[in-house]
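Using the hints provided, position chain B relative to the given structure of chain A.
Those sequence lines, one after another, are chains A and B.
Using the numbering used here, read the first sequence as starting at 1 and increasing by one per residue.
Using the numbering used here, read the second sequence as starting at 1 and increasing by one per residue.
The hints are all genuine.
Over the 10 Å line for every Cβ pair with chain A, so calculated as not near, a few chain B residues:
| hint | residue |
| --- | --- |
| 1 | I60 |
| 2 | F98 |
| 3 | A135 |
| 4 | K172 |
| 5 | I352 |
Below 25 Å or equal to it, Euclidean Cα-Cα: the simulated DMTMM-like pairs (lysine to aspartate or glutamate) are:
| hint | chain 1 | residue 1 | chain 2 | residue 2 |
| --- | --- | --- | --- | --- |
| 6 | B | K450 | A | D392 |
| 7 | B | K400 | A | E272 |
| 8 | A | K340 | B | D44 |
| 9 | A | K276 | B | E404 |
| 10 | A | K367 | A | D265 |
| 11 | A | K261 | B | E405 |
| 12 | A | K270 | B | E404 |
| 13 | A | K266 | A | D279 |
| 14 | A | K340 | B | E217 |
| 15 | A | K255 | B | E205 |
| 16 | A | K340 | B | D5 |
| 17 | A | K276 | B | E405 |
| 18 | A | K340 | B | D95 |
| 19 | A | K261 | A | D344 |
| 20 | A | K255 | A | D406 |
| 21 | B | K450 | A | D344 |
| 22 | A | K255 | B | E404 |
| 23 | A | K255 | B | E405 |
| 24 | A | K340 | B | D371 |
| 25 | A | K276 | A | D265 |
| 26 | B | K427 | B | D262 |
| 27 | B | K88 | B | D44 |
| 28 | A | K255 | B | E217 |
| 29 | A | K255 | A | E272 |
| 30 | B | K400 | A | E251 |
| 31 | A | K266 | B | E405 |
| 32 | A | K266 | A | E280 |
| 33 | B | K400 | A | E245 |
| 34 | B | K450 | B | E405 |
| 35 | B | K400 | A | D247 |
| 36 | A | K322 | A | E280 |
| 37 | A | K255 | A | E245 |
Simulated from the structure, these hints should not be mistaken for laboratory data.
For glycine and all other residues, C-beta sits at the position ideal for the given N, C-alpha and C.
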Amino acid sequence: MRFGFKCPLILAATAAAVIYGFTGFSFVAGDDLSMPDVFAVASGAENGTAAEIIAVAQDACEALAEEASETDRKLSGDDIIIDAAPSEETADIAEETADTAEETADIAEETADTAEETADTAEDTADTAEETADIAEETADIAEETADTAEETAEAETGETVDKEDGPGETADKEEGFEERADTAVIPEEETSLPPVQKAAVTDEKPWERSVVHTATDTVEADYFADALFIGDSRTVGLSQYCPELDEQAEFYSKVSLTVKGALDKPFVKTEDGRKTVDEMLSDGRQFGKIYIMLGINEIGGGSDESFADDYSAMIDRIREKQPNAMIFIQSIMHVTKRKSDSDRHINNPRIDSRNAAIARLADAEKGIYYVDINQAVDDGEGNLTADLSFDEVHLKAVSYGLWYDFLKTHAHI
Amino acid sequence: MSFTDLNFVFRFLPVFLLLYYIFPVSFRPYVLAAGSLVFYAFADPRCLPVLIMMGIWNCIMAPACAKKDKAALCFGVGLDIVLLCAAKILAATYDPVFLPVGMSFYTFRMIAFLADSYRGKIPSSDGWGGGTSFADALCYFFMFPQLAMGPIMRFSDYRKCAAFRTPVVIKKSVRFRNLIQRLENGMTFFIAGMAFKVLLADHLEPLWQSLNTAGYESISTPLAWLGIASRSMQIYYDFMGYSLMAAGLGVMLGFPFVKNFDQPYAAGSVSEFYRRWHMTLGSFFRDYVYIPMGGSRCGWARTAANLAFVWLLTGIWHGITPGFFIWSGSLLLLILVEKALDERGLKRKKVIGRINVLFFIPLTWCAFSIDAPGRLAAYFLRLFPILGDSAGIVYRGDFKAALEEYGIYLFFSLVFLFPQVYHYFGKKRRKPAVTVLFIVLFALCVISVKRTGSNPFMYAGF
Chain A
1 MRFGFKCPLI LAATAAAVIY GFTGFSFVAG DDLSMPDVFA VASGAENGTA AEIIAVAQDA
61 CEALAEEASE TDRKLSGDDI IIDAAPSEET ADIAEETADT AEETADIAEE TADTAEETAD
121 TAEDTADTAE ETADIAEETA DIAEETADTA EETAEAETGE TVDKEDGPGE TADKEEGFEE
181 RADTAVIPEE ETSLPPVQKA AVTDEKPWER SVVHTATDTV EADYFADALF IGDSRTVGLS
241 QYCPELDEQA EFYSKVSLTV KGALDKPFVK TEDGRKTVDE MLSDGRQFGK IYIMLGINEI
301 GGGSDESFAD DYSAMIDRIR EKQPNAMIFI QSIMHVTKRK SDSDRHINNP RIDSRNAAIA
361 RLADAEKGIY YVDINQAVDD GEGNLTADLS FDEVHLKAVS YGLWYDFLKT HAHI
Chain B
1 MSFTDLNFVF RFLPVFLLLY YIFPVSFRPY VLAAGSLVFY AFADPRCLPV LIMMGIWNCI
61 MAPACAKKDK AALCFGVGLD IVLLCAAKIL AATYDPVFLP VGMSFYTFRM IAFLADSYRG
121 KIPSSDGWGG GTSFADALCY FFMFPQLAMG PIMRFSDYRK CAAFRTPVVI KKSVRFRNLI
181 QRLENGMTFF IAGMAFKVLL ADHLEPLWQS LNTAGYESIS TPLAWLGIAS RSMQIYYDFM
241 GYSLMAAGLG VMLGFPFVKN FDQPYAAGSV SEFYRRWHMT LGSFFRDYVY IPMGGSRCGW
301 ARTAANLAFV WLLTGIWHGI TPGFFIWSGS LLLLILVEKA LDERGLKRKK VIGRINVLFF
361 IPLTWCAFSI DAPGRLAAYF LRLFPILGDS AGIVYRGDFK AALEEYGIYL FFSLVFLFPQ
421 VYHYFGKKRR KPAVTVLFIV LFALCVISVK RTGSNPFMYA GF
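Bound conformation, chain A alone (with noise of 0.2 Å):
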């Protein structure tokens, strides 16, 4: 007894050692994003990494038949309205079309198989990623192809068209899409592997154009925001601070690293009772025209999209419960810039895509939902975040929040 008091630090430091050794701490909450440990990056990492191309890879290849099947009902079926052998060709032109389109998906399977066996043989990883980013390469360029011969069939079938005289608009409808369809296709030239692939897997759904409807031709006012609420992470809270006439005009309720899962029910808000919570402030507060949202980035580490929508989803309809009148924003995450998310195992651009993917499908134009893609006011042309825009390849620098504002001015909903 006598002797423990001569050692309190080893008894104490040992004690801990022996419960570090067995549970790690995992009582201490971690954050998401905190750094991956030695152990965890030797051992199980990469294989995570192959099942991510797996996944993207099917995904490609399913948007690609998709696609193709699209292209061949479109070019078959009923709405073409021209002279029977031009009508033939376009058919035979389709069918290659989706002949070319099948090779790739079939490429594309080919991919994902390799992928596969990237997660069996963990030490090879890097070559076989190299070998997948050919293929992967490839794939991108048949659906260049594709694309190509489509636009080729279009142009076909737009030239007989316009000569008809009827129906311009529809077609001309057309061609944009397929310009669309070669633009998504002709990104293979970056150096890294997984953007072609992953892109197109989430550029060609883009299921906001179906439903989101606000489009301004105008810019409005700054006191369009005089009814609006902002709820967000430090990028919001960013926004508030850099952007005096917003600030002067809108409410935020942001706080640095909030979650979709903290948004409404840790107490951040300060009022002149203390702290509150947005729920709280939601309910026996005032009643907002507009809410803004933006939040992810700092979960984008954990769960799955399914369970962020779901999550983002919960908060909306609380949202809407307590404010039924108001419009409701959902902003894209904001991408981080290219070498950031060439770099992070979790924050990278992929991942913000298929998260702001999956958040866009909650837009319902009936029930005042909206999406807005904010990413289009801070490109940099490769679904990037412009790095000039931002000094921690992050968060916006002060000067860079009028690009944010500006956007919303223009993309507002009146």
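Showing chain B alone in chain A's frame:
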């Protein structure tokens, strides 16, 4: 694997200490050398061969140096310097990965070892090898408490290691009590260092980051000043904390306490500041560069030239970037001004010295932290708004917000700058209340590291 990594604290260290003390005295250098290589393999496995090759190379050269062979000394030291410079240049021009972890520090230990061999300070009866074994030299080069970031211990201190000698006291209980005391002492230093690093430096880091994130052109002038005060204290607690942890580990292994910081902000002049800041680097340059070149004995011009050379080397040692050259250049200037004032026997030199330490040194940390001259200029525009206008959008409430968020850490950082406070805890560390405080601090450190991770030590980049 850094010292604040919980896998180091709770897995590597206990296992290592157990093995270290289980083995008989004569095996311990081998255990320490091997354990250090394992430690290094966790930190930077790709550069392990570089470390081993350089270790062996210096071991081969040392006996030749010990025979007063000047050519061998030049050749040995020359290769060390060339390798270090090559790594620094590659790291600066291509990619920081070219600089192996700890190379700046272990190369300096190797150079010191060769120079000491040449000067006959390495004990040996017949040339080299009698009193000092191959294992001793390798162990001295590799020892993990000092591998990553110093301090640059001298071989004479290495020789004093209590764990490497057959104890004079035969009685087992006494030997055991000595061992326990050693561990307990070392742990006190280790925990104190960890608290400085994790609880103060790591919690001041986000303040500096928030300035970067906003962009220097967009911070208010009060915040700019708070920023450099905070940054200065952060750099201090970061490296002082590390040094204390390293010294504590050394004490646990039986080495004498290596002093690397001695209350620098209480210094009365810039040159005194740097005798108290990173003391082992300063004394290395003094003993192996400045004094061999003539020191301050050969007239005013020669002294200035010697100082300039030492500070140029100091700048290069930290990294080949404009920021470090501006940093070391401005320090050189301050020291020369002080020397000039000294010559004239100015009465108020104490006051001027204090102003230099508390006002100009923080400004130099600004250059130390900001790499690009353009951004440095932007920061100075905010510090001294009379110099010109900046184009940014300033958030007026930023100073108050920062003070609210970081006030508590700034307060404790400031308090521990006073030597009286620091020494009070040092003296009373055996008192039960202080011991409880240490245990609480340790628990807080662990929780903090577990929650948010710890930032890498700054000096790991040099």
